[in-house]
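Undergrad: Going down the list, the sequences are from chains A and B.
Here the working numbering is used: the first residue of the first sequence is 1, the next is one more, and so on.
Here the working numbering is used: the first residue of the second sequence is 1, the next is one more, and so on.
I should point out that these hints are in silico values taken from the structure, not numbers from a laboratory.
Check the hints yourself; a few may be wrong.
[As the list claims (entries may be wrong)] Part of the chain A face toward chain B, derived, beta carbon under 10 Å:
no.: 1; residue: GLY40
no.: 2; residue: GLY42
no.: 3; residue: GLY53
no.: 4; residue: ASP56
[To be verified] Result set (DMTMM-like, lysine to aspartate or glutamate): computed pairs, CA atoms no more than 25 Å apart in a straight line:
no.: 5; chain 1: B; residue 1: LYS3; chain 2: B; residue 2: GLU44
no.: 6; chain 1: A; residue 1: LYS9; chain 2: B; residue 2: GLU44
no.: 7; chain 1: B; residue 1: LYS103; chain 2: A; residue 2: GLU72
no.: 8; chain 1: B; residue 1: LYS103; chain 2: A; residue 2: ASP56
[Said to hold, decoys possible] Output of the computed footprint for chain A on chain B, the stretches with three or more beta carbons under 8 Å from beta carbons of chain A:
no.: 9; region: 47-57
no.: 10; region: 91-101
no.: 11; region: 106-116
Ideal placement from N, C-alpha and C gives every residue a C-beta, glycine not left out.
Here's the letter readout for the chains.
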Amino acid sequence: NAGVTQTPKFQVLKTGQSMTLQCAQDMNHEYMSWYRQDPGMGLRLIHYSVGAGITDQGEVPNGYNVSRSTTEDFPLRLLSAAPSQTSVYFCASSVQGNSNQPQHFGDGTRLSIL
Amino acid sequence: AQKITQTQPGMFVQEKEAVTLDCTYDTSDQSYGLFWYKQPSSGEMIFLIYQGSYDEQNATEGRYSLNFQKARKSANLVISASQLGDSAMYFCAMRDPRGGYQKVTFGIGTKLQVIP
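Only chain A is shown next, with the shape it has when bound in the complex:
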């Protein structure tokens, strides 16, 4: 049972480069989210999706783009990488519901922007 799979696990980019962080889940979860984790700041929501074709912005969406063409996949695109985007990125999924659904997290992608 793979759960939530994130690739790559580590990545180093140069300022201005673009890249896509991949996230896939095999639990048929409707809800998927992207977070970034920075020291002393906890996890902050970047973008989220409540189903295929539906996405919305979270707390810190600037510089990131998402799409959700299938239930399984929710890629995060960095359009033009900046050093401020150096962070650990987590993808999470959960069953559609109300307040009682825990999120299942991937193992994270550690991204460094030089």
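Dock chain B against the given chain A, drawing on the hints supplied.
TA: Frame of chain A; chain B shown alone:
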């Protein structure tokens, strides 16, 4: 605005002792869910325990319990009989009706170290 406050950057506990990690929250919604996650040094996020805003009893999951005081807007995590493997970061989080309960707010975390 929704907010989670964890005021203990770091905590130490002796092995086999109990420890309480504090979490207070701020929301104007009546329906919400509170969660605790554990993040060991390996980096993954592990769901520990859930408490719903309408739950009258405190949640328990094995050695984890949640001391829920709704009027004070606090949801403290209690770990009984601490083990060395409990050393980790612990995050309190709240799921509320924004975005169909999809927007989750996290606290900044508490680093727990269990001393042998």
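Undergrad: Hints first: check each against the structure and report whether it holds.
TA: Hints versus structure:
1. GLY40: holds, 6 Å
2. GLY42: Holds. Min distance 4 Å.
3. GLY53: violated, 15 Å
4. ASP56: Hint on A/ASP56: holds, closest Cβ of chain B at ~6 Å, below 10 Å.
5. B/LYS3 to B/GLU44: holds, 23 Å
6. A/LYS9 to B/GLU44: holds, 12 Å
7. B/LYS103 to A/GLU72: Status holds; Cα separation ~19 Å.
8. B/LYS103 to A/ASP56: Given that 25 Å is the threshold and the Cα spacing comes to 10 Å, the pair holds.
9. 47-57: Since three or more residues must qualify, the claim that chain A covers the region 47-57 of chain B holds, with 4 doing so at under 8 Å.
10. 91-101: Per the Cβ count (8), the hint holds.
11. 106-116: holds (count 4)
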